[in-house]
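Asks: Taking the hints into account, I'd like the entire structure generated from these sequences.
Protein chains: 2
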Amino acid sequence: MRVLAKDMAEAASARPETEVEAAGWVHRIRDMGGISFVILRDRSGLLQLVLGEGALKPELTLESVVRVRGLPSLNEKAPGGAELKAASLEILSRAEPDLPYQVNGDPAKTGLEAILDNRPLSLRNPRISSIFKVQDTIIGAFAAYLRERGFTGIKSSKLTAGTTEGGTNLFQVDYFDRKLYLAQSPQLYKEALVAGGLERVFEIGPVYRAEKHDTPRHINEYVSLDVEMAFIESELELIELEKGLLAHIFDEVARKNAADLEAWGASVPAAAAVAGAPTVSYEAALKLANEEQAHGRGGASRIFDINPEAERLLCEWAAREHGIDLIFVNAFPRRYRPFYTYPLGGEGASGALTMSFDALFRGLEITSGSRRLHDYGAFLEALPKFGLKAENMAGYAQILRYGCPPHGGFAIGCERLTQKILGLANVKEASLFPRDRRRVEP
Amino acid sequence: MRVLAKDMAEAASARPETEVEAAGWVHRIRDMGGISFVILRDRSGLLQLVLGEGALKPELTLESVVRVRGLPSLNEKAPGGAELKAASLEILSRAEPDLPYQVNGDPAKTGLEAILDNRPLSLRNPRISSIFKVQDTIIGAFAAYLRERGFTGIKSSKLTAGTTEGGTNLFQVDYFDRKLYLAQSPQLYKEALVAGGLERVFEIGPVYRAEKHDTPRHINEYVSLDVEMAFIESELELIELEKGLLAHIFDEVARKNAADLEAWGASVPAAAAVAGAPTVSYEAALKLANEEQAHGRGGASRIFDINPEAERLLCEWAAREHGIDLIFVNAFPRRYRPFYTYPLGGEGASGALTMSFDALFRGLEITSGSRRLHDYGAFLEALPKFGLKAENMAGYAQILRYGCPPHGGFAIGCERLTQKILGLANVKEASLFPRDRRRVEP
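Chains A and B, in that order, give the protein sequences. So the number in the numbering used here is just where the residue sits in the first sequence, counting from 1, plus 8. So the number in the numbering used here is just where the residue sits in the second sequence, counting from 1, plus 8.
It should be emphasised that the hints constitute simulated quantities derived from the structure, not laboratory data. There may be inaccurate statements among the hints.
If several chains are the same, the list does not tell them apart, and a pair holds so long as it fits within one copy or across any two.
Straight-line C-alpha distance at most 27 Å; calculated BS3-like pairs for lysine-lysine [unchecked claim]: (1) Lys93 to Lys14; (2) Lys264 to Lys85; (3) Lys220 to Lys187; (4) Lys251 to Lys141; (5) Lys397 to Lys187; (6) Lys65 to Lys85.
Source: prediction; values computed, not measured.
Replies: Written out as structure tokens, the structure is:
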């Protein structure tokens, strides 16, 4: 029976005289003349194999896949506290020796491009694969928290004939004899389903932005963790929901991914700290950011909007003053928000501010959200102000025309949240197969 | 405090003298002269509102969204066993009276096209929304079962430069200054990540097939429930995994979606029955299907492959002989399977049969899977036989060249499984926003 590396110490204690099987990749080879040591790597961790004299075959290369049988024994100095004295070793798949990426090295010493170019190999490095174990916990915790609260997970189409945002930055698809676009968000669908009676929905799926950015915070295809809910009064209920959601995600990562956090020297905020994260208005946030600068904590040029410098300063302020590197900024001016954002002061108000918010975590915007317009008349009134025509928005109109509850929602960038939890320098590190302007493979 | 329809009877019992709030859509209006009844619909079900004389305002239209306050009381004859005597009724969003779809009607009496054309409205029908509540349970149960067993959920790119299947049936995307394709499966990525050390992965995501089919079993964009795992000997271990997975999904649907199943007069197989589902070889399956015909159970024309007629006959046979409408067909001839399918008899064998399988459930193929080639030499040898060139398969080659464990996997069509659990006539009914050759909206 196969025993995983992480369970070998237990097997050695419980059944020391029973032969077991291990399988995995050859992570390291140490030939000591007579006796040899091979470090085996499987999905759970590392395991030391002890090979007797002459047992180390020359064809055994690094990264070959092997199956080993032998007796386990406890060894405090070995990884995981146990080792396996190999009675037999079978090579299931021999790796060619010209490895283009050193799997057992320190990924901090290889550049990002080398890591991404060689993803199937670089991912074998335990520190790198830990990123995606954390990401899966994030996704699982997100869904579980929302399902518990009456949300239904949805799967909307990624192929759309139009757009809710105005038609820029879209990738075009040849769809039989016509042109469609890759969806840049499930916004319209989320709202259709909330109004369609589900009331509370979430979606975990890819979104596409045809933006020519080349920064450590942008990718052209990312996983959006989307939420939308009915019967809210303002964006403040959405902020409370996101706090609960983030606290649960952090708790789950702490519980399931302790070793992965340790690999990156990372930790997650405690639930109580998340609950205490401040919410400040856009106007107050700008003032705060400029004050931080005045105290010599940032650059010299005056800050006029919530740019990356402001995001960093605001998070540092929140960490210092509120004990958590998380801050919600709300009440954005109308010009920064899409037409469907609800005005502060009521549906009919032509106010300059909106019921909207961003969440900034460890110096980076991870969420954008808002209450949405739900009144059909207000919707028709808003369109021309944004250069939009009612006849191009028939899908949206149908949602609002036949009874739509007050509602709102938000989206968390999954890769950005992963990045910030682990302290990665670039969001691309948190995408298995990132797509940017130049990178389309692997 | 808002009380959901499903909880109103409990509220009436526990706190009969306490006013509560309900909110939702106006499902039905019955004006009895003095007293009026309004059936309110929220995400949990239906609730009867009792309105006193003169309280029924003429502007209250079907599908308007309202908020009501009043005293709950038990009433055996009302839906859910309770009703609310409305002290106040506020219209939050008035529906225009020209409803293009009758929400409170019987969806069996409206055609599929009307249902899909008016998705935001037709979804409000409780029977139709129940489809997507079941679908979310399927997705949640799929992920939970696999995570429990050491699988990592992954999110791979849907934009690919090439294809593993040979380049046909792909939708082309304008990606900055080049052409990419929408992925028709995450096959290459699943294998890259299994070989990349994760060993066991699953993915829940959209896949795209640019096929011109127009049948009740095809859509051009669907949700694929993908699984891939290392260290298997044959497809039989995959069949066992799928049996466990399906049994868990069925159990969860039975537990969480009893009312949704009832709405469709549907039931799910018991776990014990799933475990007893038969596996027959392709050759034996063909023989069986023809024997079924000979006994007058199908059409007259001889069956030469596992076509829809054969799928139906085989499931009927399994139901009759094994007590479950589920059958696995394995050992498909080489010509029906992609190049990466492992030959029956071993890696080097040029055998005519493969370690592959399909799962047929209630007359429909819901899964295709196989053990895959993992030996680099065998891979290079196989390519030219399928008209493929090694230089176009560099991504695949990198996966196999540097140590790849024996592995295999399968994919379940999420919409097809939903369809068959509920007994829907057309797979499009099980897609929120289906895409076919003509339909690209909503």
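Asks: Compare the structure with each hint and give your call.
Replies: Verification of the supplied hints:
1. Lys93 to Lys14: within (16 Å within a copy, 61 Å between copies)
2. Lys264 to Lys85: Within one copy only: 25 Å inside, 49 Å across.
3. Lys220 to Lys187: Classified as both; 21 Å inside a copy, 16 Å across copies.
4. Lys251 to Lys141: both (22 Å within a copy, 26 Å between copies)
5. Lys397 to Lys187: Within one copy, since 20 Å is at most 27 Å while 31 Å is not.
6. Lys65 to Lys85: within (25 Å within a copy, 80 Å between copies)
Of the hints listed earlier, there is not a single one the structure fails to meet.
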